[in-house]
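Colleague: Here are the chains, one letter per residue:
Number of protein chains: 2
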Amino acid sequence: MPVYNPPLRDMQFVMHEVLKVGDEYKAMPRHAEVDAETVNAILEEGGKFASEVAFPLNISGDEEGCTLNRETHEVTPPKGFKEAYAKYVEGGWPALSCDPDYGGQGLPITVNQCIYEMLNSANQAWTMYPGLSHGAYEALHEHGTDAQKKMYLPKLVSGEWTGTMCLTEAHCGTDLGLLRTKAEPQADGTYKLTGNKIFISAGEHDMAQNIVHLVLARLPDAPQGSKGISLFAVPKFNVQADGSLGSRNPIYCGGLEHKMGIHGNATAQIVLDGAVGTLVGQPNKGLPAMFVMMNAARLGVGNQSLGLTEVAFQNALAYAKDRIQMRSLSGVKAKDKPADPIIVHPDVRKMLLTAKAYAEGGRALNLYCGLLIDRELHHPDEKVRKDSAELVALLTPIVKAFLTDNGHIATNACMQVFGGHGYIREWGMEQFVRDNRINMIYEGTNTIQSLDLLGRKVLGNNGATLKKFGKLVAQLVEEEGVNEKMAEFINPVAYLGDQMTKFTTELGFKGFQDPDEVGAAAVDYLRVAGHLVFGYFWARMAQVALREIAAGNTDPFYQAKLQTARFYFAKLFPETAMLMRTARGGARVLMDTDEALA
Amino acid sequence: MPVYNPPLRDMQFVMHEVLKVGDEYKAMPRHAEVDAETVNAILEEGGKFASEVAFPLNISGDEEGCTLNRETHEVTPPKGFKEAYAKYVEGGWPALSCDPDYGGQGLPITVNQCIYEMLNSANQAWTMYPGLSHGAYEALHEHGTDAQKKMYLPKLVSGEWTGTMCLTEAHCGTDLGLLRTKAEPQADGTYKLTGNKIFISAGEHDMAQNIVHLVLARLPDAPQGSKGISLFAVPKFNVQADGSLGSRNPIYCGGLEHKMGIHGNATAQIVLDGAVGTLVGQPNKGLPAMFVMMNAARLGVGNQSLGLTEVAFQNALAYAKDRIQMRSLSGVKAKDKPADPIIVHPDVRKMLLTAKAYAEGGRALNLYCGLLIDRELHHPDEKVRKDSAELVALLTPIVKAFLTDNGHIATNACMQVFGGHGYIREWGMEQFVRDNRINMIYEGTNTIQSLDLLGRKVLGNNGATLKKFGKLVAQLVEEEGVNEKMAEFINPVAYLGDQMTKFTTELGFKGFQDPDEVGAAAVDYLRVAGHLVFGYFWARMAQVALREIAAGNTDPFYQAKLQTARFYFAKLFPETAMLMRTARGGARVLMDTDEALA
Numbered sequence: 028m029p030v031y032n033p034p035l036r037d038m039q040f041v042m043h044e045v046l047k048v049g050d051e052y053k054a055m056p057r058h059a060e061v062d063a064e065t066v067n068a069i070l071e072e073g074g075k076f077a078s079e080v081a082f083p084l085n086i087s088g089d090e091e092g093c094t095l096n097r098e099t100h101e102v103t104p105p106k107g108f109k110e111a112y113a114k115y116v117e118g119g120w121p122a123l124s125c126d127p128d129y130g131g132q133g134l135p136i137t138v139n140q141c142i143y144e145m146l147n148s149a150n151q152a153w154t155m156y157p158g159l160s161h162g163a164y165e166a167l168h169e170h171g172t173d174a175q176k177k178m179y180l181p182k183l184v185s186g187e188w189t190g191t192m193c194l195t196e197a198h199c200g201t202d203l204g205l206l207r208t209k210a211e212p213q214a215d216g217t218y219k220l221t222g223n224k225i226f227i228s229a230g231e232h233d234m235a236q237n238i239v240h241l242v243l244a245r246l247p248d249a250p251q252g253s254k255g256i257s258l259f260a261v262p263k264f265n266v267q268a269d270g271s272l273g274s275r276n277p278i279y280c281g282g283l284e285h286k287m288g289i290h291g292n293a294t295a296q297i298v299l300d301g302a303v304g305t306l307v308g309q310p311n312k313g314l315p316a317m318f319v320m321m322n323a324a325r326l327g328v329g330n331q332s333l334g335l336t337e338v339a340f341q342n343a344l345a346y347a348k349d350r351i352q353m354r355s356l357s358g359v360k361a362k363d364k365p366a367d368p369i370i371v372h373p374d375v376r377k378m379l380l381t382a383k384a385y386a387e388g389g390r391a392l393n394l395y396c397g398l399l400i401d402r403e404l405h406h407p408d409e410k411v412r413k414d415s416a417e418l419v420a421l422l423t424p425i426v427k428a429f430l431t432d433n434g435h436i437a438t439n440a441c442m443q444v445f446g447g448h449g450y451i452r453e454w455g456m457e458q459f460v461r462d463n464r465i466n467m468i469y470e471g472t473n474t475i476q477s478l479d480l481l482g483r484k485v486l487g488n489n490g491a492t493l494k495k496f497g498k499l500v501a502q503l504v505e506e507e508g509v510n511e512k513m514a515e516f517i518n519p520v521a522y523l524g525d526q527m528t529k530f531t532t533e534l535g536f537k538g539f540q541d542p543d544e545v546g547a548a549a550v551d552y553l554r555v556a557g558h559l560v561f562g563y564f565w566a567r568m569a570q571v572a573l574r575e576i577a578a579g580n581t582d583p584f585y586q587a588k589l590q591t592a593r594f595y596f597a598k599l600f601p602e603t604a605m606l607m608r609t610a611r612g613g614a615r616v617l618m619d620t621d622e623a624l625a
Numbered sequence: 028m029p030v031y032n033p034p035l036r037d038m039q040f041v042m043h044e045v046l047k048v049g050d051e052y053k054a055m056p057r058h059a060e061v062d063a064e065t066v067n068a069i070l071e072e073g074g075k076f077a078s079e080v081a082f083p084l085n086i087s088g089d090e091e092g093c094t095l096n097r098e099t100h101e102v103t104p105p106k107g108f109k110e111a112y113a114k115y116v117e118g119g120w121p122a123l124s125c126d127p128d129y130g131g132q133g134l135p136i137t138v139n140q141c142i143y144e145m146l147n148s149a150n151q152a153w154t155m156y157p158g159l160s161h162g163a164y165e166a167l168h169e170h171g172t173d174a175q176k177k178m179y180l181p182k183l184v185s186g187e188w189t190g191t192m193c194l195t196e197a198h199c200g201t202d203l204g205l206l207r208t209k210a211e212p213q214a215d216g217t218y219k220l221t222g223n224k225i226f227i228s229a230g231e232h233d234m235a236q237n238i239v240h241l242v243l244a245r246l247p248d249a250p251q252g253s254k255g256i257s258l259f260a261v262p263k264f265n266v267q268a269d270g271s272l273g274s275r276n277p278i279y280c281g282g283l284e285h286k287m288g289i290h291g292n293a294t295a296q297i298v299l300d301g302a303v304g305t306l307v308g309q310p311n312k313g314l315p316a317m318f319v320m321m322n323a324a325r326l327g328v329g330n331q332s333l334g335l336t337e338v339a340f341q342n343a344l345a346y347a348k349d350r351i352q353m354r355s356l357s358g359v360k361a362k363d364k365p366a367d368p369i370i371v372h373p374d375v376r377k378m379l380l381t382a383k384a385y386a387e388g389g390r391a392l393n394l395y396c397g398l399l400i401d402r403e404l405h406h407p408d409e410k411v412r413k414d415s416a417e418l419v420a421l422l423t424p425i426v427k428a429f430l431t432d433n434g435h436i437a438t439n440a441c442m443q444v445f446g447g448h449g450y451i452r453e454w455g456m457e458q459f460v461r462d463n464r465i466n467m468i469y470e471g472t473n474t475i476q477s478l479d480l481l482g483r484k485v486l487g488n489n490g491a492t493l494k495k496f497g498k499l500v501a502q503l504v505e506e507e508g509v510n511e512k513m514a515e516f517i518n519p520v521a522y523l524g525d526q527m528t529k530f531t532t533e534l535g536f537k538g539f540q541d542p543d544e545v546g547a548a549a550v551d552y553l554r555v556a557g558h559l560v561f562g563y564f565w566a567r568m569a570q571v572a573l574r575e576i577a578a579g580n581t582d583p584f585y586q587a588k589l590q591t592a593r594f595y596f597a598k599l600f601p602e603t604a605m606l607m608r609t610a611r612g613g614a615r616v617l618m619d620t621d622e623a624l625a
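Protein sequence lines, in the order shown, are assigned to chains A and B. So this note's numbering is basically just the index in the first sequence, starting at one, shifted up by 27. So this note's numbering is basically just the index in the second sequence, starting at one, shifted up by 27.
Take these hints with a grain of salt, some might be off.
Since the list can't tell identical chains apart, any single copy or any two copies may satisfy a pair.
[Claimed, not checked] Once the Cα atoms are required to be at most 16 Å apart in a straight line, the calculated EDC-like pairs of lysine to aspartate or glutamate come out as: (1) Lys364 with Asp202; (2) Lys495 with Glu417; (3) Lys512 with Glu575; (4) Lys360 with Asp619; (5) Lys114 with Glu72; (6) Lys360 with Asp621.
Keep in mind that the hints were calculated from the coordinates and are not lab data.
Please take these sequences and the hints and turn them into a complete structure.
Modeller: So, in structure tokens, the structure goes:
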């Protein structure tokens with residue numbers, strides 16, 4: 028059976044030693060009182076919930092899956108999921124980073140990100156139930172009417188009700204402009220919605236009293252395409268004036284998808300058969316409103332893969348130390364045993380360190396983004412808020428695509444460490460691979476993320492936002508440029524930064540002449556950008572480790588951090604050279620081929 | 028539901044136009060009569076069997092899996108598997124490349140490889156039943172006593188009986204020297220075997236009257252480690268002097284593994300409880316005897332991934348032409364539709380072409396290896412036989428590891444083309460990914476393959492065999508060096524060949540000082556070698572295409588072949604630069620890390 032130990036030490040390292048969140052929080056009136064002790068106590072409690080409540084249900088949830096009663100349209104999640112959710116609500120976890128005006132605890136997003144990383148390690152399928160709810164909370168908090176906020180937010184914050192986002196239809200996922208679900212205005216100001224949605228995560232279950240579906244649909248007079256889409260709040264049970272639950276609204280689960288993984292999550296086909304809803308935000312402005320939720324969700328998906336990368340690493344490491352097989356190439360290591368533990372083999376270490384470097388780099392980036400959102404929401408200086416918002420917008424597609432692709436690489440590498448046993452379900456490793464696989468797809472495929480990054484976020488403003496990140500790199504170079512010990516970490520990042528500037532300009536020119544050149548280079552470009560960002564954070568983490576070691580700190584944690592940084596720059600970072608070369612391979616070799624690809 | 032169309036045209040291209048097997052066969056007395064017409068007729072029939080009989084059982088077999096009756100220890104494969112196997116036997120397919128002395132049809136291995144590729148595309152889990160049998164046939168044909176050959180071979184050739192290989196035990200897979208199954212000699216010259224095996228593919232089923240298990244075990248006086256292992260033939264039902272089936276031998280299925288994929292294959296835990304067996308080959312020489320089977324199996328595993336790469340490509344291509352979503356970046360393409368088919372998007376094409384280039388390159392290499400084995404077995408010139416044997420030994424770990432890793436990349440890319448639908452079982456794409464995943468593990472993990480290549484096959488003889496492959500490259504360069512049209516294909520291969528020579532020498536020196544340097548570089552090295560070999564075959568395929576086009580042939584097949592070659596060299600081949608760089612990153616960044624990886 029797999030193990031999971033909350034990586035509290037490493038989270039605290041990133042939070043307190045790298046990002047120095049304490050100093051950051053002090054600048055924000057809302058969070059000024061949040062000190063390290065508070066943060067650590069919450070992480071510890073969250074870690075307990077993740078490892079003791081959510082994690083034991085991970086394999087059983089995968090095996091059992093969800094069950095739809097076709098007569099009642101009710102869905103039963105796997106055994107234990109409902110009870111675990113009740114404990115989660117009881118513990119006040121849904122409220123953690125929510126607005127105190129609606130019962131929230133108003134804690135920083137950064138802290139919430141740590142809790143979610145641990146929940147994702149423990150049980151991605153289960154975590155999606157509260158995860159989707161939180162997204163619905165954010166969309167309603169930002170775009171809901173006062174009446175909607177009053178009706179829904181306290182219940183979402185307490186966790187008594189959950190939420191979903193209903194976007195996809197069978198014929199459209201990426202291209203929401205094609206969607207067909209209709210919303211007919213009623214005399215009382217509500218709307219009746221009719222249509223069919225698919226792939227609705229946490230779409231139906233018995234874990235909460237009510238479910239608030241946020242549904243994209245078209246008004247009768249809506250323009251064609253993506254500018255004619257509106258957003259509606261459609262509850263499972265209609266809510267009466269006094270807040271109590273009324274009649275069952277005809278929005279129900281017509282079927283459950285049979286999926287490669289995340290079996291414990293009810294991925295529902297949702298039928299709307301004249302379901303009553305209310306408009307969220309402006310008519311025909313549903314897509315921008317939904318994007319509030321989508322952006323949070325995209326960061327959340329990156330966090331899911333971060334969680335899976337960490338838990339896969341922990342298990343592969345434990346196995347590699349325990350499993351004996353063959354002797355070390357450089358001579359017997361475990362003389363008392365008939366073979367050496369497989370961690371003596373260089374390629375086993377390479378697989379382990381790949382996962383470790385991606386987990387720790389991902390954690391730094393993920394929490395940095397959390398901090399940017401905390402600044403965006405609560406920093407008193409408007410310029411800081413604006414800059415932070417821009418930077419997190421730039422980094423969001425990188426978090427989504429780079430972390431999930433890395434999760435794919437890492438979970439597969441960790442599964443490979445187990446040899447044949449990795450293919451066997453009971454060990455839990457192949458589930459991490461299967462669960463991670465959706466993260467590369469949903470909330471916008473990784474190709475879509477790359478087009479968002481290169482087309483919109485970078486070339487869309489002539490690289491202005493990218494330059495802001497470049498300034499952070501330049502600042503680090505300035506700080507540490509003369510420090511010989513930092514050269515091995517700083518030089519590759521500085522060099523790649525320079526290359527990327529040229530590379531970006533080059534793609535801008537090519538894309539101007541032929542937009543397909545952007546499409547052909549985007550995926551490679553995003554991965555290069557991902558390494559630039561990871562390289563920056565690995566250099567910063569090495570900086571902290573070097574300083575601690577220089578100051579006489581003998582905690583082996585810092586030596587390990589340095590070694591992992593060295594591994595990262597020697598074995599993973601060089602991918603960037605290839606990526607720029609294949610991107611420069613251009614669009615013609617793709618587009619000149621006959622469409623038949625005969 | 029997925030589709031599968033046997034790629035007869037491309038197989039015929041490789042067989043007749045690239046490898047010119049007709050000329051090759053003429054030089055071999057056994058195959059002198061095998062002309063193109065015969066080959067094509069067999070491929071067509073084999074394709075029909077694969078697409079019409081095996082393929083329709085692929086998804087249902089995955090859904091249903093195998094069932095063990097714990098009282099009788101009998102295993103029932105998924106519905107239809109038994110009937111399909113009966114048809115396979117009736118069609119004489121098991122006998123195709125077997126020795127006519129035992130009822131075989133004596134056809135070339137090359138032809139058999141084509142049939143297996145199609146069966147693997149259609150249904151890898153099903154194909155493993157006859158596949159393992161064929162391996163048992165080969166081991167007994169090479170190492171069996173006359174009595175064993177007489178008793179088992181005709182039944183394996185006809186397909187009435189099937190075979191397995193029983194190597195792995197719970198505590199040892201890679202390191203077979205640790206195995207514990209015991210064989211006690213009996214007065215009548217037989218042995219009684221006791222022990223527990225795991226991961227036995229096609230280990231128990233009701234598709235054949237009898238199953239011949241080839242089992243590795245230890246004699247009482249055997250030396251420790253891998254030099255104390257012997258090979259035994261242990262039938263499910265004891266065979267009487269007249270060839271009829273006698274009593275049930277106590278070798279039975281104690282449990283079925285729950286796996287990520289290949290659910291239709293019975294992966295059995297096999298219990299030997301004093302089962303009667305006979306010795307195959309010499310005492311304590313079981314491993315070398317088993318390696319006959321293992322080498323064939325390794326090529327077979329590469330062929331499995333080739334099959335999955337091809338079928339995944341076909342389905343992703345069909346979907347990409349059919350699914351409409353968004354408009355082309357370079358302007359509307361399908362004016363009559365609300366969106367363009369997704370094949371207009373550059374990255375979708377990149378994913379498709381990746382699978383296509385890996386499928387077609389893999390097919391060329393796979394069939395070339397088949398041809399080398401045909402030469403090794405039947406060429407009248409001893410030197411040709413010896414050279415061919417050496418070359419196929421060199422290429423075997425490349426076929427196993429490179430084709431299966433490419434299969435991982437390709438099946439995942441093709442699944443990604445489907446977006447969210449790729450994650451849904453009914454579309455079949457995620458099954459290709461899951462089924463392929465075992466190919467990177469079994470028959471020696473891909474890390475083991477890389478150590479076999481670099482440590483044993485390359486450095487073990489100071490690169491002598493590698494130089495033989497280098498001569499083929501040099502010959503092509505000589506032939507086409509002045510042909511301007513070939514420069515784009517020849518130059519990168521010639522350049523990489525030069526680099527590899529230096530790279531190999533360098534690794535030899537480093538490995539001499541520290542063997543872990545070999546272990547650290549081996550996986551990267553194998554992938555570079557894989558691209559050298561693929562580059563060579565892509566250049567040869569481009570050569571044929573250019574000649575046909577120059578001769579006025581307007582079949583679009585040749586233009587597509589050229590375009591795919593260009594794609595391969597622009598987008599996939601450049602990986603080699605990164606791989607040499609990461610390999611040069613060395614062993615220290617791996618081995619200096621504390622074992623705790625704290």
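Colleague: Next step is simple, just say for each hint if it's right about the structure.
Modeller: Okay, the hints, checked on the actual structure:
For a Cα distance limit of 16 Å, the shortest separation of Lys364 from Asp202 across copies, 13 Å, qualifies, whereas the shortest one inside one copy, 59 Å, does not. Taking the shortest Cα distances, Lys495 and Glu417 sit within 16 Å of each other inside one copy (9 Å), while across copies they are farther apart (57 Å). Only within a single protomer do Lys512 and Glu575 lie at most 16 Å apart by alpha-carbon distance; the minimum there is 13 Å, versus 60 Å between protomers. In this assembly of identical chains, Lys360 and Asp619 lie within 16 Å of each other by CA distance solely across copies; the values are 15 Å between and 56 Å within a copy.
In this homomeric assembly, Lys114 and Glu72 come within 16 Å of each other (Cα to Cα) only inside a single copy, at 13 Å, whereas the closest approach across copies is 61 Å. Taking the closest pair of Cα atoms, Lys360 and Asp621 come within 16 Å of each other only across two copies (14 Å); inside a single copy the shortest separation is 57 Å, beyond that limit.
Checked against the numbered hints listed earlier, the structure breaks none of them; every hint is satisfied.
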